[in-house]
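Undergrad: What follows is the residue order along each chain.
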Amino acid sequence: MLPVLLIVAFSAVIPLMTVVNYSVQDILDLNTRFFVGLQWYEETLADPRFIDAFARQVGFSATVLAIEVPLGIAVAKGISKTSRLTPLILIVLAIPLLIPWNVVGTIWQMFARPDIGLLGVAVNASGIAYNYTAEPLHAWLTLVAMDVWHWTSLVALLAFAGLTAIPNAFYQAAELDGASKWQVFRFVELPRLRGVLIIAVLLRLMDSFMIYTEPFVLTGGGPGNATTFLSQYLATMAVGQFDLGPAAAFSVIYFLFILLFCWLFYASINRDKAPR
Amino acid sequence: MAAITLDHLCFRYPGAAQDTLSDLRLTVADGEAHALLGASGAGKTTLLNLLSGLLQPTSGRVLFDEVDVSSQPGRARSVAQVFQFPVLYESLSVEDNLAFPLRVRKASRVLIEQRVSIICEELELNHLRQTKSAMLSLFEKQLVALGKALVRPEVALVLLDEPLTAVEPKIKWRLRQSLRRVQADLGVTMIYVTHDQTEALTFADRVSVLTTQGLLQTGTPETIYNAPAHEYVGHFVGSPGMNFLPASVLHLAGAERVGFRSEWAELDPHSALRGTVAGQRLQGTRDGVPYGWLTVNTVHGEVVVRGKLPADVLVGQDVGIRVRRYVAFEEGKKVAEGEFV
Numbered sequence: 001m002l003p004v005l006l007i008v009a010f011s012a013v014i015p016l017m018t019v020v021n022y023s024v025q026d027i028l029d030l031n032t033r034f035f036v037g038l039q040w041y042e043e044t045l046a047d048p049r050f051i052d053a054f055a056r057q058v059g060f061s062a063t064v065l066a067i068e069v070p071l072g073i074a075v076a077k078g079i080s081k082t083s084r085l086t087p088l089i090l091i092v093l094a095i096p097l098l099i100p101w102n103v104v105g106t107i108w109q110m111f112a113r114p115d116i117g118l119l120g121v122a123v124n125a126s127g128i129a130y131n132y133t134a135e136p137l138h139a140w141l142t143l144v145a146m147d148v149w150h151w152t153s154l155v156a157l158l159a160f161a162g163l164t165a166i167p168n169a170f171y172q173a174a175e176l177d178g179a180s181k182w183q184v185f186r187f188v189e190l191p192r193l194r195g196v197l198i199i200a201v202l203l204r205l206m207d208s209f210m211i212y213t214e215p216f217v218l219t220g221g222g223p224g225n226a227t228t229f230l231s232q233y234l235a236t237m238a239v240g241q242f243d244l245g246p247a248a249a250f251s252v253i254y255f256l257f258i259l260l261f262c263w264l265f266y267a268s269i270n271r272d273k274a275p276r
Numbered sequence: 277m278a279a280i281t282l283d284h285l286c287f288r289y290p291g292a293a294q295d296t297l298s299d300l301r302l303t304v305a306d307g308e309a310h311a312l313l314g315a316s317g318a319g320k321t322t323l324l325n326l327l328s329g330l331l332q333p334t335s336g337r338v339l340f341d342e343v344d345v346s347s348q349p350g351r352a353r354s355v356a357q358v359f360q361f362p363v364l365y366e367s368l369s370v371e372d373n374l375a376f377p378l379r380v381r382k383a384s385r386v387l388i389e390q391r392v393s394i395i396c397e398e399l400e401l402n403h404l405r406q407t408k409s410a411m412l413s414l415f416e417k418q419l420v421a422l423g424k425a426l427v428r429p430e431v432a433l434v435l436l437d438e439p440l441t442a443v444e445p446k447i448k449w450r451l452r453q454s455l456r457r458v459q460a461d462l463g464v465t466m467i468y469v470t471h472d473q474t475e476a477l478t479f480a481d482r483v484s485v486l487t488t489q490g491l492l493q494t495g496t497p498e499t500i501y502n503a504p505a506h507e508y509v510g511h512f513v514g515s516p517g518m519n520f521l522p523a524s525v526l527h528l529a530g531a532e533r534v535g536f537r538s539e540w541a542e543l544d545p546h547s548a549l550r551g552t553v554a555g556q557r558l559q560g561t562r563d564g565v566p567y568g569w570l571t572v573n574t575v576h577g578e579v580v581v582r583g584k585l586p587a588d589v590l591v592g593q594d595v596g597i598r599v600r601r602y603v604a605f606e607e608g609k610k611v612a613e614g615e616f617v
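Sequence lines, in order, name chains C and F.
Under this note's numbering, the first residue of the first sequence carries the number 1, and numbering increases by one thereafter.
Under this note's numbering, the first residue of the second sequence carries the number 277, and numbering increases by one thereafter.
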């Protein structure tokens, strides 16, 4: 027990406590600090830039979840359970997950460039004036596309694992009952995918809410602040401007929101699972 | 409901060297409870899949009431199946599970309500109608799975694939009772696949014994037990299985081997057939006399005698065995049966 406690203390509890400690102080330098109570919290929550970044963040997470989860399930459904090519397909699917995040950003940064990138040039050639460095909407779409490319595989692989775990008898019974393909999906597969989908949604919710590296590399938060998410705003405050107090308060709020979302999601999923 | 006919049915898995099932011929009457008994690897599951439409015969036909359904898919066949473990729509309530096969087929609301009520009444599920099926015990789940198989009024055949496997022994007989009662009440044609001979003999009107050689015998449980058409059937059915001795030992002409049930034999000090008692197992008392099995080693092999046990018989003692009834076999097949006077 003791070693575990020590590891957890040093890796999680002590840093977190330090942040909490910073968040209630105004720190001018290491020897000049004043206790300010909840002032930084009040200021952060009222800061329009924070509110904007928060709204963008929620919008981004909701968008990628709404695309990646159904798309991942569809991809998983499309993979044959018995084909000899299946292992190969699974490996190909796993490739985006193995690429370092800053490399993903770099790949898309080049891929989407309107002058030399394959995607950028192709879209422009089709008659749409596409430039993700200048148009906020284009920057958004590019970011969403990149995240979908990067993470749909995760949902697909989890869903595929869930699908292969369904015994054949369930399909046979549904066939004899005369169930349509949709009904098989809705009443046989979806209930049995529930466990893996909860994991998939939780992982994607947390990760997308904390996204930093890819937009930092791809758009740098721009054009303007169009793609500045919470983590990037926070980094600017803490590392760029050395506003340690406000940044600490921001961190605590950020952390609590992620915790809250995950808890809300988990509680709503388990609500109807109460024991008889 | 329908009568089921297997007409020279053959099946070979693609790429296999030989038929899994060859030239099966069998007729199951309308409303019959039929048990298909066989050891694992005999092709029971293959036959089941041919009946449910999951597989299609290599040659031969499957007839439901004279209609050839061999090439129809499962959903077109009016077949329902109960599996080894309960297969339900786990997110739905008991009621919705039962209604599912009817709803899918766009049955009227009145009919659905009527059928679901009948099934709930018959299987004593009324108190669970609103319960989500994931919350049920294994026994209740299997009952609902059975109900779901019976709910369509037009269903021609209900297949049961070792439905008691997953259920604990204590509950087994209860489920079997329910099954038997429902079968009798609703007059459903049922084919019950099992490797458990007790289940087969207690459930069915008629039993078919399936081996890799094909169907060895079809008959009532009494016939299968008392007059096995094949040595294998005598050996496989019954607990313990039939005793076999060379026919000459009992002075029978025109046969190779003779078989007799343990309860057809008794101890007789004057008999010429002798052996040494190797073990005994007491099962209880009858008329105040101990009752059970005796295992006797004779020079021709082991013989089990079942009945009243004389109090003075000890392991290692020399005893004589008298056989009252026998079935005679030649090359594995039954050639005669009779009684010794």
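Source of the hints: derived by calculation from the structure; they are not laboratory data.
Certain hints may be false.
As the list claims (entries may be wrong) - Reference excerpt, derived from the structure (chain C facing chain F, CB under 10 angstroms, subset only):
hint, residue
1, GLU43
2, PRO87
3, ILE116
4, GLY117
5, LEU118
6, ALA173
7, ASP177
8, SER180
9, LEU190
Everything numeric in this text was worked out from a predicted model, so none of it was measured.
Cβ coordinates follow ideal geometry from the N, Cα and C atoms, glycine included.
Undergrad: Compare the structure with each hint and give your call.
TA: Hint-by-hint comparison with the structure:
no. : hint   : result
1   : GLU43  : 47 angstroms, violated
2   : PRO87  : 22 angstroms, violated
3   : ILE116 : 51 angstroms, violated
4   : GLY117 : 45 angstroms, violated
5   : LEU118 : 44 angstroms, violated
6   : ALA173 : 4 angstroms, holds
7   : ASP177 : 4 angstroms, holds
8   : SER180 : 7 angstroms, holds
9   : LEU190 : 8 angstroms, holds
In terms of the numbered hints stated before, the structure departs from hints 1, 2, 3, 4 and 5, listed from lowest to highest.
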